[in-house]
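Take the sequences, apply the hints, and build the full model.
There are 2 protein chains.
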Amino acid sequence: MIGGGQLARMAHDAAIPLGVRFRLLADTPQDSASLVVNDVVLGDYRDLETLRRFAAGCDVITFDHEHVPTEHLRTLLAEGVNVRPGPDALVFAQDKGLMRAKLDSIGAPCPRHRLVADPADVTKFAQEGDGYPVVLKTTRGGYDGKGVWVVKDETEAAEPFRAGVAVLAEEKVDFVRELAADVVRSPHGQAVAYPVVESVQKDGICHEVVAPAPDLSPELAAEAQALALRIAGELDITGHLAVELFETRDGRVLVNELAMRPHNSGHWSIDGAVTSQFENHIRAVLDLPLGDPRPRQPWTVMVNVLGGDYPDMYSAYLHCMARDPGLRIHMYGKDVKPGRKVGHVTVFGDDLEDVRERARHAAAYLRGDITE
Amino acid sequence: MIGGGQLARMAHDAAIPLGVRFRLLADTPQDSASLVVNDVVLGDYRDLETLRRFAAGCDVITFDHEHVPTEHLRTLLAEGVNVRPGPDALVFAQDKGLMRAKLDSIGAPCPRHRLVADPADVTKFAQEGDGYPVVLKTTRGGYDGKGVWVVKDETEAAEPFRAGVAVLAEEKVDFVRELAADVVRSPHGQAVAYPVVESVQKDGICHEVVAPAPDLSPELAAEAQALALRIAGELDITGHLAVELFETRDGRVLVNELAMRPHNSGHWSIDGAVTSQFENHIRAVLDLPLGDPRPRQPWTVMVNVLGGDYPDMYSAYLHCMARDPGLRIHMYGKDVKPGRKVGHVTVFGDDLEDVRERARHAAAYLRGDITE
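As given, the protein sequences belong to chains H and R, one line each in that order. In this text, residue positions in the first sequence follow full-length UniProt numbering: the first is 1, and each later residue adds one. In this text, residue positions in the second sequence follow full-length UniProt numbering: the first is 1, and each later residue adds one.
By construction, these hints were calculated from the structure, which means they are not laboratory data.
Every beta carbon over 12 Å from chain R, so not counted as near; a handful from chain H, in silico:
| hint | residue |
| --- | --- |
| 1 | Asp-27 |
| 2 | Leu-48 |
| 3 | Arg-52 |
| 4 | Asp-130 |
| 5 | Lys-146 |
| 6 | Lys-152 |
| 7 | Phe-175 |
| 8 | Gly-204 |
| 9 | Pro-214 |
If you anchor each label on the Cβ, the simulated ranges turn out as follows:
| hint | chain 1 | residue 1 | chain 2 | residue 2 | range |
| --- | --- | --- | --- | --- | --- |
| 10 | R | Ile-205 | H | Gly-107 | 54 to 60 Å |
| 11 | R | Pro-311 | H | Val-176 | 54 to 60 Å |
| 12 | R | Gly-233 | H | Asp-215 | 45 to 51 Å |
| 13 | R | Leu-318 | H | Thr-28 | 35 to 41 Å |
| 14 | H | Gly-233 | R | Arg-296 | 32 to 38 Å |
| 15 | R | Gly-349 | H | Asp-130 | 49 to 55 Å |
| 16 | R | Gly-80 | H | Asp-39 | 32 to 38 Å |
| 17 | R | Glu-219 | H | Thr-28 | 56 to 62 Å |
| 18 | R | Trp-149 | H | Asp-39 | 42 to 48 Å |
| 19 | R | Ile-205 | H | Arg-53 | 41 to 47 Å |
| 20 | H | Thr-28 | R | Glu-49 | 30 to 36 Å |
| 21 | H | Thr-28 | R | Gly-233 | 42 to 48 Å |
Computed footprint of chain H on chain R; a stretch qualifies when at least three of its residues, placed anywhere within it, have a C-beta under 8 Å from a C-beta of chain H:
| hint | stretch |
| --- | --- |
| 22 | 12-20 |
| 23 | 36-44 |
| 24 | 284-297 |
| 25 | 330-342 |
Beta carbons: idealized from backbone N, C-alpha and C, even for Gly.
Structure (structure tokens):
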């Protein structure tokens, strides 16, 4: 796996019971995954020679993030490396402009959008619809709210163009809530769909996930799952695909973002599903039969633990374990910095209100927002 | 953790989400746990200097097996190392003679037993009860059926004395079945009890575990749990304690063996309980609050995968995943040798017959006993 973040850390954890040998390409020995994986190559994922050296001993390579240059992946593929997902699929997660064009071509519902040339063109885009505010995104390089702006006039619209990357404009969707439809697909075409979840964002970062999404109509849930499976098939994706969706006031879903790797919207599945997203991603990229994605209990709530003002979480960690023996704690081994994802907690059970309260309380306590 | 077997491998897997740094002392880089742990010290656990060097960077040391010399552990303890469980407790799992004497002293029910001096003394022991057959055990060094003999006369009784180790004689209990009561205890005295399980042995090796034990009277289950908790307290054990029990025809339980580490009877808990034995063992030795030991569904069945005649399990591995998407597979990364524990499978659900059939089928298929 290329990339040493928490996704690789959790993928390693899932690879162990499968008996799969897991090799990591990471930036530093202090990366979240470097701290626990035994076979680590240190190097720069933007360097082709490093990638070649890393891939040489691997049956297949896959990703913790979407930042490996597409052209390098095409070279590796041409040289016989199993790259999964392949560059022809991954590019739609790397480039939001290409992603929108592809989704349009297969008839997947999206917010109104187009590439824009400059601030004046943004104003033109706004006027083509309901006016400002408009959402602007750099087509490449963004994640966790970075590379996304909500601008309310042409002056603000100037900012995204400073990066020198193509800019995509999208209507600001007046959504009821955000959903995610996560699916996993293997090279020979087997696919599984996790239940559609509700995803609550804070400052552009996934904060809380409820599985399954409460009060979602069975029809819309089935539609979202079918849409995600169709995207996975049409884009020929191998591995985990997260389709982040807006649920609109008139009862439709629109595609917000795609992620072709394990995703924060699927962390609940480690404790909450028969087979986690990490295990199924590994199974998929190795073309092994996929595991049951169904939830193990009526409700699972996952809340991210963001770094807060207290760098030492130890006493909070003790408190949370003592308060709630059913709490599932996942720490990523990272130094605590304000706003950084340093872990997540999961609670499952029969009573949504109870489960949600416990998960929120633990995450808030670990962050230092409450001390009781 | 000292010892590089599958117990250490699974403990590492449980340590990752807790954010606990896990260091391993193993014999070789090919040990089951060495293959996945990133911080491995290679060395001989019988060598005091090696143990000192290993312990130097650890907050606490614990064990994958019970073979570290007691005197070395006493030295480390005297030098300020946190040894958990401590040598004064661990010695009762290392020496079956001391174990029986201690259990007698606290009134724990055991099979009739005493240390025997020679084959003639074994015959005397037999005549004190119902005669031969008699069970003989070397007091130190045995595991998985090694160091245990069932002898039917004085000639056969000669064999165990050849090792030059003290020999314990025990009545051959006419049991209904074997049970295990697994508990975890932390240094400050918190303890949790897993449901009592039924353990099916084959050739002295744990083969199948059903959690909870079917048709066990609630009174006897509670008695077995209370007994295990009492032993953990009286022996001042830190970490996981497996109390292997005989259920007698007259509805009592007798203590067969003690193991002070994660144990095969608790592997079901990885997929079947809210908190696994491995996680709770780690929490206990670090004196963290313990997690909920309760099962997540009515039935969980774990079956060991023993090496069979086919060294390459890959096609069977594919078959089992494809046949049963709910199957939980745990491979230990070991080379396949006939009779060697190379993995286990777990199935959980509402219907015991269905769950047991699926787990047994997968284990038999992986071993090569059936090919369908």
